[in-house]
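Novice: Chain by chain, the residues run as shown.
2 protein chains.
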Amino acid sequence: MRVAVLGTGLIGTSVALALRERGASVWLADADPESARLAAHLGAGELLPDTLLSDDGAPLRADVAVIAVPPAAVADTLAAAQDRALAACYTDVASVKQLPVEQARARGADLASYVPGHPLAGREKHGPAAARADLFLGRTWALCPEPETSEEAVAAVTALVTACGAVPMRIAAVAHDRWVALVSHAPHLVAAAMAARLESAPPQALDLAGQGLRDVTRIAAGDTGLWTQILAANAGPVAEVLAAVAADLAEAARMLTDGDPKSVAALLEVGQAGAGKIPGKHGGEPREFTVVQVVIPDQPGELTRLFDAAGQAGVNIEDVRIEHSPGLPVGIAELSVRPAEAGPLLDALEAGGWPVRR
Amino acid sequence: MRVAVLGTGLIGTSVALALRERGASVWLADADPESARLAAHLGAGELLPDTLLSDDGAPLRADVAVIAVPPAAVADTLAAAQDRALAACYTDVASVKQLPVEQARARGADLASYVPGHPLAGREKHGPAAARADLFLGRTWALCPEPETSEEAVAAVTALVTACGAVPMRIAAVAHDRWVALVSHAPHLVAAAMAARLESAPPQALDLAGQGLRDVTRIAAGDTGLWTQILAANAGPVAEVLAAVAADLAEAARMLTDGDPKSVAALLEVGQAGAGKIPGKHGGEPREFTVVQVVIPDQPGELTRLFDAAGQAGVNIEDVRIEHSPGLPVGIAELSVRPAEAGPLLDALEAGGWPVRR
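Read top to bottom, the protein sequences are chains A and B.
So the first sequence is numbered by our numbering: it starts at 1 and just counts up by one.
So the second sequence is numbered by our numbering: it starts at 1 and just counts up by one.
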């Protein structure tokens with residue numbers, strides 16, 4: 001597979017790295033040549049040549065071009081790439097889908113070879129240096145073919161999505177935009193509005209911050225220019241969600257001031273139910289793991305002994321969290337295993353002399 | 001040290017477990033005897049005897065009594081414990097401090113032996129079965145002595161906090177309540193208001209959910225009854241923060257609808273600055289780690305080989321994250337090490353044949 005990545009930011013470079021690991025040949029281009037060069041240095045591919053000819057003069061073409069530019073630049077980039085016959089088919093990764101599709105149609109771009117797409121993956125950091133080959137592992141990747149889109153193009157882009165380790169999900173552009181407003185765009189602005197209250201807070205207040213505040217505000221650290229564009233491009237659905245959240249919070253503030261916490265209790269109840277509806281970390285069919293806790297001395301070799309005992313018991317450790325206390329000589333390792341393997345693991349660890357918690 | 005834990009929910013039982021690991025003797029009591037018995041079965045201590053006498057008839061007394069009940073029940077529990085001379089000094093763990101202090105003073109409780117406290121730690125789960133001995137490791141634990149509080153009592157409770165692995169922080173009750181409204185109570189309701197929007201969303205929408213939504217809404221899964229009481233007990237400062245967040249979100253919704261994203265961009269900028277003010281995960285002096293990524297086959301024994309190589313290189317792995325893709329036979333392990341140890345670790349892993357990313 002030969003792929004052209006147009007736009008070597010976080011997402012474009014991560015797509016390139018993921019595909020390179022699967023043996024694809026990747027061309028890289030960016031409006032900022034320094035960014036494309038940095039991505040090439042990171043091993044994401046080669047710079048897109050000016051003329052698409054092989055050594056013997058035959059025309060060259062990518063199988064898929066991935067347009068990884070901000071939403072408002074997708075249609076222009078698509079049309080320019082199609083003008084030079086860069087690829088057999090095209091996809092983009094913008095967080096909104098109706099805007100680039102409408103602009104592409106208005107510009108007279110070829111919609112048969114264009115599969116609008118959106119990987120549900122990201123980081124708070126941006127640029128090619130933040131890219132990761134594993135960014136899309138297990139993540140949903142929305143594909144929003146239009147009526148004109150050919151099934152051949154859909155099949156080629158679906159293969160690319162799968163090669164990146166993501167899970168393709170077909171959905172109409174209008175439904176996509178409505179639902180990402182709810183599950184991604186509005187939450188981003190809610191996190192920003194909460195984080196904005198911290199900007200003028202004294203250090204003493206922030207010393208009281210716990211993990212909850214970090215989680216609520218984490219995504220507010222994202223690229224503000226890009227997010228302004230995303231929010232503006234999906235303004236209607238986002239505004240609808242934000243207005244509802246604002247109304248609930250204003251009502252809660254009034255009720256608290258009036259000494260009547262009934263509507264606050266109701267909001268907490270509905271919020272708890274809503275949080276419970278989000279599927280598990282791995283998406284699709286959730287894999288449920290049992291967590292085994294074990295206390296380990298904070299020194300080299302201890303984790304080896306631990307994993308060795310697990311391996312000898314034939315137990316596959318699916319995930320590990322280690323919690324350290326700054327001042328203490330021990331840590332707590334939390335080992336996630338399949339439920340049926342928790343018993344054998346506990347037996348093996350106890351036999352090896354580790355303090356475990358059953 | 002002998003400690004009495006009054007209230008064996010998540011926090012009380014976690015305090016008991018933490019102190020038991022440090023060799024303390026712990027008495028357990030709860031308004032629900034089943035809860036206290038469950039905590040005892042978990043190894044958190046022994047049930048509080050009805051009569052506080054030793055075998056030879058001498059009176060027994062705890063060094064510290066930890067009152068781990070909801071905010072509105074603290075003063076009554078304190079007064080009852082003081083009436084029977086349960087302990088030399090007393091502390092509580094409620095998330096608000098002015099309310100229990102005022103109620104204790106109104107009830108005529110002895111304030112000299114009472115050190116109001118609040119550990120900044122929690123989980124979405126509650127009850128004794130969710131308790132963990134490591135819940136307070138590295139967390140801030142606010143202590144709010146009143147003018148009447150004796151320095152002896154402060155010293156005893158500070159020793160208890162340190163024994164739990166937490167970092168004591170002295171702060172006036174009024175400042176505490178104002179700042180936890182900002183960094184804990186208001187964020188809880190903001191998370192709930194966002195999560196509440198998901199309650200009636202179709203499964204298709206939730207299939208598009210990414211890590212950002214999970215983080216923003218995680219704490220909304222907490223105990224709604226307890227949180228209603230906490231929010232009501234700190235109504236004024238919480239309402240002030242919520243009203244400001246609601247106004248910013250309502251303004252953002254209006255600007256998006258009007259097609260003018262300027263104030264949205266401004267809110268994102270201030271939010272980014274605010275998120276940047278939160279101290280690092282470990283609190284106090286942040287320990288900065290370098291992350292080394294390595295691809296591993298998803299089968300028993302591979303992690304052993306990996307940690308063995310690290311141990312032989314003398315490198316102490318401080319944290320591990322393993323990311324799996326449901327369909328792929330490999331995972332990505334992210335190993336956190338001290339910056340100076342990243343080079344030796346990469347060398348050792350490459351020598352062992354692992355694909356690493358430099």
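Calculated directly from the structure, the hints in this document are not laboratory data.
Some clues are possibly wrong.
Intra- or inter-copy, both count: the list cannot distinguish identical chains.
Computed list of lysine to any residue pairs in SDA-like fashion (alpha-carbon distance at most 25 angstroms, straight line) [claimed, not checked]:
(1) Lys125 x Arg105
(2) Lys262 x Gly23
(3) Lys125 x Ala72
(4) Lys125 x Arg218
(5) Lys125 x Gly352
Quick caveat, the model's predicted, so the values are computed rather than measured.
Novice: None of the hints should be skipped; say for each whether it holds.
Specialist: Status of each hint after checking the structure:
Within a single copy, Lys125 and Arg105 get their C-alpha atoms no closer than 32 angstroms, and across copies no closer than 50 angstroms, so neither meets the 25 angstroms cut-off. Within a single copy, Lys262 and Gly23 get their C-alpha atoms no closer than 59 angstroms, and across copies no closer than 44 angstroms, so neither meets the 25 angstroms cut-off. With identical chains, the CA atoms of Lys125 and Ala72 are at most 25 angstroms apart within one copy only, with a shortest distance of 21 angstroms there and 43 angstroms across copies. Proximity of Lys125 to Arg218 under the C-alpha cut-off of 25 angstroms is found in both arrangements, the shortest distances being 11 angstroms within a copy and 21 angstroms between copies.
Neither within a single protomer nor between protomers do Lys125 and Gly352 lie at most 25 angstroms apart by alpha-carbon distance, with minima of 41 angstroms and 31 angstroms respectively.
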